[in-house]
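Given the coordinates of chain S, work out where chain U with the ligand should sit on it, guided by the hints.
These protein sequence lines are chains S and U, in that order. Taking UniProt numbering as reference, the numbering of the first sequence is continuous, increasing by one, and the terminal residue is 790. Taking UniProt numbering as reference, the numbering of the second sequence is continuous, increasing by one, and the terminal residue is 261.
Treat the hints with care, since some could be wrong.
As the list claims (entries may be wrong) - Where chain S lies over chain U, by a calculated footprint (3+ residues, C-beta under 8 angstroms):
#, region
1, 166 to 179
2, 245 to 252
As the list claims (entries may be wrong) - Pair by pair, the computed Cβ-Cβ distance ranges are:
#, chain 1, residue 1, chain 2, residue 2, range
3, U, Glu136, S, Gln452, 45 to 51 angstroms
4, S, Leu479, U, Thr148, 55 to 61 angstroms
5, S, Arg18, U, His2, 54 to 60 angstroms
6, U, Arg135, S, Glu701, 52 to 58 angstroms
7, S, Glu71, U, Gly234, 32 to 38 angstroms
Rather than coming from a laboratory, the hints here were simulated on the basis of the structure. We treat Cβ as the ideally placed atom computed from N, Cα and C, and that holds for glycine.
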Amino acid sequence: MPKDGGIGASTLRREDIRFLTGKGRYTADISLRGQAHACFLRSEVAHGRIRSIDTSAAEEMPGVLAVLTGEDFTEVGGNPTGWLVQSRNGATMKEPKRPVLAHGKVRHVGDAYAMVVAETYEQAKDACEAIEADIEELPAIVDMAQAVADSSNRVHDEIEDNVVFDWGWIEENRAAVDAAFETAPHVTTLELVNNRLSPNAMEPRASIGDFDSGTGDYKLYTTSQNPHLTRLLISAFVMGIPENKLTVIAPDVGGGFGSKIYHYGEEAAVLAASKRLNRPVKWVCDRSEAFLSDAHGRDHVTKIQLATDREGNFLALRTETLANMGAYLSNFATCTPTFLHGTLMAGPYRTPLVYVNVKAVLTNTVPVDAYRGAGRPEATYSLERVIDKAADELGIDPWEIRRRNFIDPGAFPYTTPVGLVYDTGNYHATMDKLRELSDVAGFEARAEESRQRGKLRGFGLSTWIEACGIAPSNLVGVLGCRVGLYDAATIRVNATGNISVLVGAHSHGQGHETVFAQLIAEKLGVDANSVEIVHGDTSKIPFGMGTYGSRSLAVCGSAMMKAADKIIDKGKKIAAHMLEAAEGDIEFTDGSFSVAGTDRQKSFAEIAFSAYVPHNYPLETLEPGLEETAFYDPANFTYPAGAYGCEVEVDPETGGVDIVRFTCADDFGNVINPMIVQGQVHGGVAQGIGQALLEGVVYNEDGQLLTGSYMDYAMPRADDVPSFTVDHSCVTPCTHNPLGAKGCGEAGAIGTPPAVVNAVVDALRRAGHDHITHIDMPLTPSRVWTAMQG
Amino acid sequence: MHNFDLVKPSSVAEAVAALGSEGAQALSGGQTLLPSMKQRLAAPERLVSLTDIAEMKGVCRGEEGLVVGAATPHGVVAREAKAHYPALAWLAGEIGDPSVRARGTIGGSLANNDPAACYPAAALASGATIVTDRREIAAGDFFQGLFTTALEEGEIVTSVRFPLPERAAYMKFAQPASRFALVGVFVAQFADGVRVAVTGAGEDGVFRWTEAEGALSADFRPEAVEGLSLSAEGLLGDLHGTPAYRAHLVKVLTKRAVAAA
Ligand SMILES: Cc1cc2nc3c(=O)[nH]c(=O)nc-3n(C[C@H](O)[C@H](O)[C@H](O)COP(=O)(O)OP(=O)(O)OC[C@H]3O[C@@H](n4cnc5c(N)ncnc54)[C@H](O)[C@@H]3O)c2cc1C
Chain S
1 MPKDGGIGAS TLRREDIRFL TGKGRYTADI SLRGQAHACF LRSEVAHGRI
51 RSIDTSAAEE MPGVLAVLTG EDFTEVGGNP TGWLVQSRNG ATMKEPKRPV
101 LAHGKVRHVG DAYAMVVAET YEQAKDACEA IEADIEELPA IVDMAQAVAD
151 SSNRVHDEIE DNVVFDWGWI EENRAAVDAA FETAPHVTTL ELVNNRLSPN
201 AMEPRASIGD FDSGTGDYKL YTTSQNPHLT RLLISAFVMG IPENKLTVIA
251 PDVGGGFGSK IYHYGEEAAV LAASKRLNRP VKWVCDRSEA FLSDAHGRDH
301 VTKIQLATDR EGNFLALRTE TLANMGAYLS NFATCTPTFL HGTLMAGPYR
351 TPLVYVNVKA VLTNTVPVDA YRGAGRPEAT YSLERVIDKA ADELGIDPWE
401 IRRRNFIDPG AFPYTTPVGL VYDTGNYHAT MDKLRELSDV AGFEARAEES
451 RQRGKLRGFG LSTWIEACGI APSNLVGVLG CRVGLYDAAT IRVNATGNIS
501 VLVGAHSHGQ GHETVFAQLI AEKLGVDANS VEIVHGDTSK IPFGMGTYGS
551 RSLAVCGSAM MKAADKIIDK GKKIAAHMLE AAEGDIEFTD GSFSVAGTDR
601 QKSFAEIAFS AYVPHNYPLE TLEPGLEETA FYDPANFTYP AGAYGCEVEV
651 DPETGGVDIV RFTCADDFGN VINPMIVQGQ VHGGVAQGIG QALLEGVVYN
701 EDGQLLTGSY MDYAMPRADD VPSFTVDHSC VTPCTHNPLG AKGCGEAGAI
751 GTPPAVVNAV VDALRRAGHD HITHIDMPLT PSRVWTAMQG
Chain U
1 MHNFDLVKPS SVAEAVAALG SEGAQALSGG QTLLPSMKQR LAAPERLVSL
51 TDIAEMKGVC RGEEGLVVGA ATPHGVVARE AKAHYPALAW LAGEIGDPSV
101 RARGTIGGSL ANNDPAACYP AAALASGATI VTDRREIAAG DFFQGLFTTA
151 LEEGEIVTSV RFPLPERAAY MKFAQPASRF ALVGVFVAQF ADGVRVAVTG
201 AGEDGVFRWT EAEGALSADF RPEAVEGLSL SAEGLLGDLH GTPAYRAHLV
251 KVLTKRAVAA A
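Chain S with its partners taken away, still in its complex shape (with noise of 0.2 angstroms):
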């Protein structure tokens, strides 16, 4: 039984109380006395010269205040790319200014190129309506191909082939993965589309900049998942404002799926337009805008190939890739289609010999970037797509081929072909677990019924591994990363005994605020309900590196662990003074600190006393206070990993898809909170529905944004998704992190899309389409049904 309130204990998320009962404090609720009010003008054309801005008409608006082009930033620096990604031939990538607003061209629909400041929003809006800008249309580049193939047309002047780089990994393994397909006794093709999505977090991003005149000091209250990252690019490369000069505050946030991880024109702009004003300037981003300037997800186009023996081993694979940046290199942007997508084509199997090669292409097209799960499912969904093909090409059952080639349990550390090393894992075990929750035997009798109701039913399998908890600062430093991924924690132990922990990760919908306090309960043997959690400000919190990649709780809680750490040792040795005992002899257990083998102790609230008041302390060799910070910096990544099954009906007349089952076994690696990971994985899984089956963001060839409402972009909605099975019974637990934990942010998002795809295939086949082998995301009913008519 775990603790009430400590590790394994599913408490209800103390956060949810505020957010539920409209208490919730997001930054469009924060109104600061004598804010203006920000309205962004955006491009209509996807791309455009910007011949001139006659802003005096506008200026001229009742309320307005100030109007800003791009021309009021030629002197500060650009919003930059977090990684250097070198190309195939060794050459550095190459990075386009991405300025504040946009100057010179306009890139894609959306694209900021003028602010109003005005006393009301309206004021503003209706200001940048007279804004009278002198755009000449230029012809809009959209599609990869094309864009790759014609350098006449570029997105930006100076890069001629619109492409940022032409990465192979691992270069030197591509001669002998060729060689192995030369001789490969099969080779299954697939080509396919892992679809654009929009992230559409509930909350849509907000900002507002507060300059103080009297100090010199900037304010910047925002939508971030990130703060600390936020200031560092805004300091460090965009506006040359010292960090001790800035804090940056994401107060409640509501979801950001990684949209939020990155930093945006905007927030610099009500920075600088507050210094100018020397008022607040506030935006609010309505949900049009966010279509449309919101980084997307995904959109990779890629050529898979697996060479395989009769037996189905799998023996080399090689893959081909073209992804979409956008229009410019959004933070996280070229690691996302590569160190987050190439290193995890291996997946939990054997096979020996892996290739993969990634261009990066700009489009006049919203800068794309990670989202939930980024790039690794991606990776994912090609692998699992074509061994589901090869399977079927061989006559060998999905999940047999799967087991024939998974790593097995007695080989790890394991050392992948793409660069990984795999500390621990257990693929057979949560496979086994879902055929057993998956009710296999039963299908067939499942599949009758459906077939008595008109209906085809299919089976999909799929198995998924990530490499999370990112990440190791030395590693991520040689591929390319500008920053460190470490993460920090401060424990504050206040003078009559509760508890401050500042923690960098940042908690948007996580429910860090229970499951970080559930984590000190258990370490300290203190009442969680003692424990606060304070984030999302960076002048209270020490650093941290934000959340995304499932990172928080393997980083971030590792570094709260180590700061634990800190604080028992100077508890002991507060405690043997005051017991008069040898350091050596004391020992913590439960939240006292205890003599060995005699019933002397002290509490915890007592140590804590002491250290603030300290009459009976050792002064002359210990600071008084209890408060410690430690840094965290991971050895490896975390690999958790697991297998979903989906079972489908598709109604034949209209193509319409129905999820009917769908189980989960997955390998966290320890649960601190068995309810949030539910949580997260029901997420998750909704998330990978929502990309099989109904998102997907569509540009005609102008360029124009066809999805730009939910009028048209279909997010899943509660009666989408069945009632899933959820396992995570099945723990190899990280071997090298404290906390044993690996993560399951991204898993459902992940491990879904293949499952689904999977299955819809299966139905079909089943049912004698046998000409259908695949069919694009989203698998809409009119994509199905059309795919049906051959």
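Chain U with the ligand in isolation, oriented as in the chain S frame:
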């Protein structure tokens, strides 16, 4: 949204008078008009609310069928028409979500004549009469293409009169994002024949599938339309479905409607 005046008349006559002023527009449930104002696609100077006019509200069984006040919200129709015209009530209950059904009205839906809206199919298949402040218009004459109706400037729909069929059913195949009708088919059988109205599919909005009407008038079974096929010509194509797919769905849904009627 631009600024506007709001007037709330309590009679049709007052409403008509108020609509006489420059830049005035009728506001019913606001489920279509307000979002387009927020997006600045519409900027009326004065909104004339119709929802306080008692004579325009309610569902009432009369001699000539069922009379639904134009300002009656979908949710009320779903409840109150059930005993008299279950297919109509079901249609109303499938529109949007609870908040849309609490505000959106039949008059607004018909006047707007969205090519993917549900009510136009019911009106056309039922051979309904659209009653306005000045005249009566047969449904067949009322719908005149995408977002276009026979209504004159300032004319208000006050009620809709539905003859009651012997049997009827509406089948809606939802567009995945908006959940409006990707295709919707309303089949109604009257003593003098069957009417089949199709929404969501036509380039010119709601239309009757006369071929199916003939076949079903002779033999009201799903099999009766089996041999027919609707031409994809003149049908809508967009990212949710090609014209061919829509043509196919029309037939599938017609059969299902007949089976359900
Ligand atoms: C989320 C959502 C989902 C929806 N789903 C569906 C769906 O599945 N199926 C469906 O059919 N509809 C759907 N709708 C539309 C809904 O039915 C609206 O109620 C309808 O389109 C408009 O009705 P309203 O009363 O809100 O009209 P308003 O928005 O008030 O007005 C619409 C237009 O009609 C005019 N008008 C209104 N009343 C009259 C009148 N009595 N006489 C003359 N002109 C008038 C107005 O001036 C305006 O031009 C949906 C709407 C939303 C927001």
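Here's how the hints hold up against the structure:
Counting residues of the region 166 to 179 of chain U whose CB lies closer than 8 angstroms to any CB of chain S gives 4, so the stated coverage by that chain holds, three being the minimum. Counting residues of the region 245 to 252 of chain U whose beta carbon lies closer than 8 angstroms to any beta carbon of chain S gives 4, which meets the minimum of three for the stated coverage. Under the hint 45 to 51 angstroms, the C-beta atoms of Glu136/U and Gln452/S, about 49 angstroms apart, fit the expected range. Between Leu479/S and Thr148/U, the C-beta spacing of about 59 angstroms keeps the proposed range 55 to 61 angstroms intact.
Under the hint 54 to 60 angstroms, the C-beta atoms of Arg18/S and His2/U, about 36 angstroms apart, miss the expected range. Between Arg135/U and Glu701/S the CB atoms are about 46 angstroms apart, so this pair departs from the stated range of 52 to 58 angstroms. For the hinted restraint 32 to 38 angstroms between Glu71/S and Gly234/U, the CB-CB distance of approximately 51 angstroms leaves it violated.
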